[in-house]
Structures are given as structure tokens and as C-alpha cells.
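Chemist: Construct the complete structure from the given sequences, taking the supplied hints into account.
There are 2 protein chains.
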Amino acid sequence: MGELRKDPVVNRWVIINPQGRKRLFLEKEAREEKKAYAENCPFCDGNEDKTPPEILVFREPDSQKWLVRVTANKFPALRIEGELERQGTGIYDQMQGVGAHEVIIDSPSHSDSIADMDESHVEKIIQAYRDRVVDLKLDKRFKYVLVFKNYRITAGASMEHPHSQLIATPIIPKRVKEELKGCLEFYKHKERCLFCDIIREEKRSQLRIVAENDHFLSFTPYASRFPYEICIIPKIHCGDFANIRNEEIYPLAKILKETLKRLQILLDDPPYNYVIHTTPFHFPSNIRDYHWHMEIIPRVIRMAGFEWGTGFYLNPVAPEDAARELREVNG
Amino acid sequence: MGELRKDPVVNRWVIINPQGRKRLFLEKEAREEKKAYAENCPFCDGNEDKTPPEILVFREPDSQKWLVRVTANKFPALRIEGELERQGTGIYDQMQGVGAHEVIIDSPSHSDSIADMDESHVEKIIQAYRDRVVDLKLDKRFKYVLVFKNYRITAGASMEHPHSQLIATPIIPKRVKEELKGCLEFYKHKERCLFCDIIREEKRSQLRIVAENDHFLSFTPYASRFPYEICIIPKIHCGDFANIRNEEIYPLAKILKETLKRLQILLDDPPYNYVIHTTPFHFPSNIRDYHWHMEIIPRVIRMAGFEWGTGFYLNPVAPEDAARELREVNG
Chain W
1 MGELRKDPVV
11 NRWVIINPQG
21 RKRLFLEKEA
31 REEKKAYAEN
41 CPFCDGNEDK
51 TPPEILVFRE
61 PDSQKWLVRV
71 TANKFPALRI
81 EGELERQGTG
91 IYDQMQGVGA
101 HEVIIDSPSH
111 SDSIADMDES
121 HVEKIIQAYR
131 DRVVDLKLDK
141 RFKYVLVFKN
151 YRITAGASME
161 HPHSQLIATP
171 IIPKRVKEEL
181 KGCLEFYKHK
191 ERCLFCDIIR
201 EEKRSQLRIV
211 AENDHFLSFT
221 PYASRFPYEI
231 CIIPKIHCGD
241 FANIRNEEIY
251 PLAKILKETL
261 KRLQILLDDP
271 PYNYVIHTTP
281 FHFPSNIRDY
291 HWHMEIIPRV
301 IRMAGFEWGT
311 GFYLNPVAPE
321 DAARELREVN
331 G
Chain Z
1001 MGELRKDPVV
1011 NRWVIINPQG
1021 RKRLFLEKEA
1031 REEKKAYAEN
1041 CPFCDGNEDK
1051 TPPEILVFRE
1061 PDSQKWLVRV
1071 TANKFPALRI
1081 EGELERQGTG
1091 IYDQMQGVGA
1101 HEVIIDSPSH
1111 SDSIADMDES
1121 HVEKIIQAYR
1131 DRVVDLKLDK
1141 RFKYVLVFKN
1151 YRITAGASME
1161 HPHSQLIATP
1171 IIPKRVKEEL
1181 KGCLEFYKHK
1191 ERCLFCDIIR
1201 EEKRSQLRIV
1211 AENDHFLSFT
1221 PYASRFPYEI
1231 CIIPKIHCGD
1241 FANIRNEEIY
1251 PLAKILKETL
1261 KRLQILLDDP
1271 PYNYVIHTTP
1281 FHFPSNIRDY
1291 HWHMEIIPRV
1301 IRMAGFEWGT
1311 GFYLNPVAPE
1321 DAARELREVN
1331 G
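Chains W and Z are the protein sequences, given in the same order. Take the first sequence: its letter number 293 is residue 293 in the working numbering, and every next letter is one higher. Take the second sequence: its letter number 225 is residue 1225 in the working numbering, and every next letter is one higher.
Since the hints were made in silico from the structure, they are not lab data. Any given hint could be a false lead.
As the list claims (entries may be wrong) - Straight-line Cα separation of at most 25 Å, SDA-like style, residue types lysine to any residue; simulated pairs:
#	chain 1	residue 1	chain 2	residue 2
1	W	Lys181	Z	Asp1214
2	Z	Lys1235	W	Gly90
3	Z	Lys1074	Z	Ser1158
4	Z	Lys1261	Z	Ile1171
5	Z	Lys1174	W	Glu185
6	W	Lys6	W	Glu247
7	W	Lys140	W	Ala72
8	Z	Lys1137	Z	Arg1152
9	Z	Lys1254	Z	Lys1140
10	W	Lys203	W	Lys140
11	W	Lys174	Z	Arg1175
12	Z	Lys1140	Z	Met1303
13	W	Lys6	Z	His1121
14	W	Lys190	W	Pro61
15	W	Lys235	Z	Tyr1092
16	W	Lys6	Z	Gln1096
17	W	Lys177	Z	Gln1096
18	W	Lys137	W	Ile80
19	Z	Lys1181	W	Asn11
20	Z	Lys1235	Z	Phe1283
21	W	Lys137	W	Glu247
22	Z	Lys1137	W	Glu248
23	W	Lys261	W	Val329
24	W	Lys6	Z	Arg1288
25	Z	Lys1006	W	Pro280
26	W	Lys177	Z	Ile1171
27	W	Lys174	Z	Thr1089
28	W	Lys174	W	Lys203
29	W	Lys181	Z	Glu1185
30	Z	Lys1190	W	Met95
Modeler: Pasting the structure below:
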């Protein structure tokens, strides 16, 4: 029967109830065979003039063919120009929507996906994430940058072509603040990093590990909100994703690709989101008590009123079962 | 262009960006003509033996025909038997999934919906909510009860037949805690209720009002997370939904039906969730600084990685536009 589990970082309770398993996979969408080139797609090889100007590009060695391109988002959620201009309106508070919204085009091919790419190609995507974050940190108006991916329409993608996004914001997002607070409180008590403790516990119990290499661990969190939710985290303490070392980028690409490949095989190429959570800009102390990580959320169930109303989650798949199934996939 | 707005209760920032309007209505699902009776539906008139035993029933005056029935949920997220048994497991914390999970069958007719019911019928549904909350408060293991509705499959409903649900939980949900904290902090500063201030501001500006009667106000919140999000709130301060007076139930039924009817007409019968937020059990002081209310969330856009990753929201419809459009509907 069900049990309640507490997320140690944000103190969020989750109901793990495997009896609800029948509700899985409601979100699956119709699939069409995709071609490597789509005429109307501005992200496809040959259509480069249909995007805003390139901010960053990585090319194949010894060739002019690009592998990864970064451009401004044509329909930005926040605009890059202007100042914040905080002001009151009636009893409420408001500021101008200043920020940066960029698109990382993962590949020139319309039908590609990270699960199917060469690891050296995935490495370039992560390098693009890192380089853009490092650059945006120089803009004093911003406090945070979120790197994320919406894979497939059900996960919120508006373009089919494989791409990632980043949004730099003038405030620290609420969810990140909650994680920072949890980690700081733990550090005050124990004088060590909470995520480092979680890594030790996961390696000790071996119950929830999906994949591992010298630098990274991929596991299903103890209080997973969603079925097959996965966390990828550096095994050596590191608070800020912008500080990832060059030699760590390939191992991250490797474990990300392997994890997404296992998800692809087990759940028949499900829609998913992933995000990178890292320390905010200009808060050096968080580098000590926070620990950057990626969160992968397959979109295989629907959120309903209970989740919206309470902020706690009903998860019909125990993370131990999810990890075992993902490990048992023959990739 | 976009702006950032702060929710005064939980300090959550929302990006209001009407340029994103094209993304609306992705969640719409195929509609079939529904009949008043479905043979395999356990909630339909005549199939009463297919549900768990009745906990509460309201019948038509001078007739044996039922209007609203409450039963236990056949597939509960939390079970009613047992004690909490909090315990550690490795470095993590856990407790048994104890709670109550009930179904309020809104109507004997399979094709009914609140937007189309008589107000006197909606009154009975709300009376059932109130009576069940009052009863569950007597169980000392529970700290909160969430009343909610998932309307249509896209909004998480697993049954087509019109119904609401409630879940009583042994902990105060995170989202409710955040609201309580915001209200308490405001009270400490100002010695008055924050929601009462919001009601005054909304009545003063008239920008976001959807409907109003002697007892209730229906409006689109200043920092709405979702397009056409609506709040229904008692105009006279009242912290605890369980304390709603008998003479207030009909006005609530009336404004709820009118609000949902306007949504139904404007957005072509969209999927939606609603929840009732009220004070937790056994916390009498919250009755002073908190203010119960209903939140209605039409499900007309998808959540994506940015929202999951940050906890702030991208809303492509300004609440002022939403309220005006809803007011202009000819019901």
C-alpha cells in the first residue's frame, strides 16, 4: 500500500502509491516517422537564415558543418533590453520582463535526439550550455539562468526539431530558492553538503541507481514526484554548473545519453523535460552548501487538482522499481 | 511586452507575456456527445451497487431520487486504516500513507456538469463538501482536507461522470503552508488579513472582476499562473471553509455556476481543476489571518521544463484581458 516520503532538500512530501499504476502513460502522443530535414523548420541544416543571428556555434572538426548552434529565441518570454524598473501597482508589485531567452539547436538533423546521438555530439551541447551560462553571468541584471529541454509536444515543446533552451532571470526562481534554503539549513547543522550525503546513501543502498561513471551518478530520487524521475549529479562536490571542468563534460554527456537511451527503450520514447539546477549568480557561499544537478522528468502521467492544490505529488511508481527497470534495459 | 508580477500571498513571480498567446489551447481534447446514462459507469443512476458504501447522500425533496452521493474512493491514494508510524529509512524520512480519499458524485446523470446544473443542485454539492470536511475534522490523525475537482481527462479525471474528490492528509500540504506563512507575515505587519486587502483592491480597480454577489467575489488574480485562472472568495472575512454559514452556500453555488458557465462558453467547455484552500485543522489562530477561497485552473496550456525547473510561470493571457472576456460572455 502507499507510503509518504519526504524530500530531504525541500521537505516536500510525496505519496508513493504503486496501486495507482494503471494511470500511467496517459500523456503519450501520436508518433510520426520524422525525416532528417523539414522544409519549414528554421532549425534545420540549410535554413540558418530563418533564425535570429548566431550567438555561438560548434562545428565538426575539419569541416564547416555545424553541430550545435545557439541563437536568441524569436518569441522570448523575457526581453534582453532595458532595466528592471520595479514598481507598485495598487497593492501589488511588478517589474519589467527583462531577461535572456536563447535556443540551443542540438543538431542540424530534424530527426535526431540525445538518446541517439554520438556522445561527442552531446558533449558539444553541454559545452554550449556551459559557455552560455558563463557568458550570461557577466550581465549584472541577472541572478539566475535556467537551462532546460522540452522534448516532444506533450512536454511543452513548440518546435519538433531537437533543441534546448535557457532563460536568464532577474530574480532567483522559487524552486531554486527552496533548494538553496534546504541545503543551507542542513549545512548549518552538519557542516557538510546535503547532496553529498544523498550520493553516499544512494551508493550505499544501491536501490535507486540507474547508471554511474567516474564523475557522475544517475539515480531515481527517494521522494520522486513523477514516475521514472531521474537525477544526474557530479560525485565530487561542485556547487556551480558554470565551474564544470572540461574533462567532466564528456562523462556528463555519456551518462546523460545512456540515461535518456534507457528511458527511450523502456518507455517507448516518452516526452520529457530536463533542467539544470545550479547556484544563483553572485552568491559565492552557495558554492559550499549547494550541489548542482540535472533533473529529468518523463511526462507519463497528468497533474491533477490534488497536485495543484497541495503541492504534493501522487507517484504511482516506486523509485526503486523505476531504477531496477531502467537498469535492466538492454541498450 | 512581458512583465513580471509578484503574487502577494506566496511571493511567487509570474511572467505575463501576451505575445505567447499562440500557445493557448494545446490541451484541448476530442469531445464526444455524452449520454445521461453509461452502462459501465459506477457513478450513474441505477448502478449504486458498484460503488463502495455511501457515506453521505442528498436526495430530491419529496422523492427517493438522489442528487449527490459521497462514497470512499475505490482506488484510494491514502488508506483510512492505521497509524502514521513515522520512521527513518537510511538518511530519509517516511510515514505510512494514512488518510481519507472520498468521491463526491455530483449528479446521477452522466452528461451533467456544474455549468449546466440548477443552482439548487450545485448547492447540495457544496453542502456535501462542507459536511464531509466538518466530519473529517473529528479524526485527530488528519491535519488537512483538500476538496478538489478534475474536470475532463486532460485535467486528470479518470472517470467521465461528473464528480469531485477530497483527500484528508496527515500533514499540511506545502502549498497551503506557503499561503499560511504569507498571510501570517502580512498580519504581523499590518494586523489585518491580506486576502481582505486583495478583495478591497479588486473592488476598487474593477480590472479583474468576473462576477460578484452579496457574499462572494469571483476574479482573476493579479499574478495568475495560468490563463483564465480564477479565484472565488467570501467577501466577509472567514478563515475556515468548514465555518461557511448555511445562508452562504446558495450564493457560493450561484457564483461558482456562473463562473464555470462563462468559462464553458468562452473557452468551449475547457478541462479545468478547482480546489478549496482553507485553514488546517487544529490551528485556530489561522482563522484570524487566513481567508478560505476556491482556485479554478482551466487547463488550456501545457507546463514545460521552465515551469517545473523554476516554480515560476509563463502566462500568455493578462488577467485583465481574461476577466474582461469572461465578463463579456453572454450567458
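Chemist: Below or equal to 25 Å on CA atoms is what counts here, so check Lys181 of chain W against Asp1214 of chain Z.
Modeler: violated (43 Å)
Chemist: Given the hinted pair Lys174 of chain W and Lys203 of chain W, is their Cα-Cα distance within 25 Å?
Modeler: Distance ~30 Å between Lys174 of chain W and Lys203 of chain W Cα, so the pair is violated.
Chemist: So if I understand the rule, the pair passes when the alpha-carbon distance is 25 Å or less; does Lys174 of chain W with Arg1175 of chain Z pass?
Modeler: With a Cα-Cα distance of about 12 Å, the restraint between Lys174 of chain W and Arg1175 of chain Z holds, given a limit of 25 Å.
Chemist: Below or equal to 25 Å on CA atoms is what counts here, so check Lys1190 of chain Z against Met95 of chain W.
Modeler: holds (24 Å)
Chemist: If you draw a straight line from the CA of Lys140 of chain W to the CA of Ala72 of chain W, is it 25 Å or shorter?
Modeler: Holds - the C-alpha atoms of Ala72 of chain W and Lys140 of chain W are around 19 Å apart, at most 25 Å.
Chemist: What's the verdict on Lys177 of chain W and Gln1096 of chain Z, does the C-alpha distance respect the 25 Å limit or exceed it?
Modeler: violated (29 Å)
Chemist: Compare the distance between the alpha carbons of Lys1235 of chain Z and Phe1283 of chain Z with 25 Å, and conclude whether the hinted pair is satisfied.
Modeler: Judged against 25 Å, a Cα distance of about 22 Å means the pair holds.
Chemist: Does Lys6 of chain W pair with His1121 of chain Z here, judged by a C-alpha cut-off of 25 Å?
Modeler: violated (40 Å)
Chemist: Are the Cα atoms of Lys1174 of chain Z and Glu185 of chain W separated by 25 Å or less?
Modeler: holds (18 Å)
Chemist: Does the alpha-carbon distance linking Lys203 of chain W and Lys140 of chain W stay inside the 25 Å limit?
Modeler: violated (39 Å)
Chemist: Could you grab the alpha-carbon distance between Lys174 of chain W and Thr1089 of chain Z and see if it respects the 25 Å cut-off?
Modeler: The given pair, whose Cα atoms are some 28 Å apart, is violated under the 25 Å limit.
Chemist: Given the hinted pair Lys1140 of chain Z and Met1303 of chain Z, is their Cα-Cα distance within 25 Å?
Modeler: violated (36 Å)
This entry does not satisfy hints 1, 4, 6, 8, 9, 10, 12, 13, 14, 17, 22, 24, 27, 28, going by the numbered hints stated previously.
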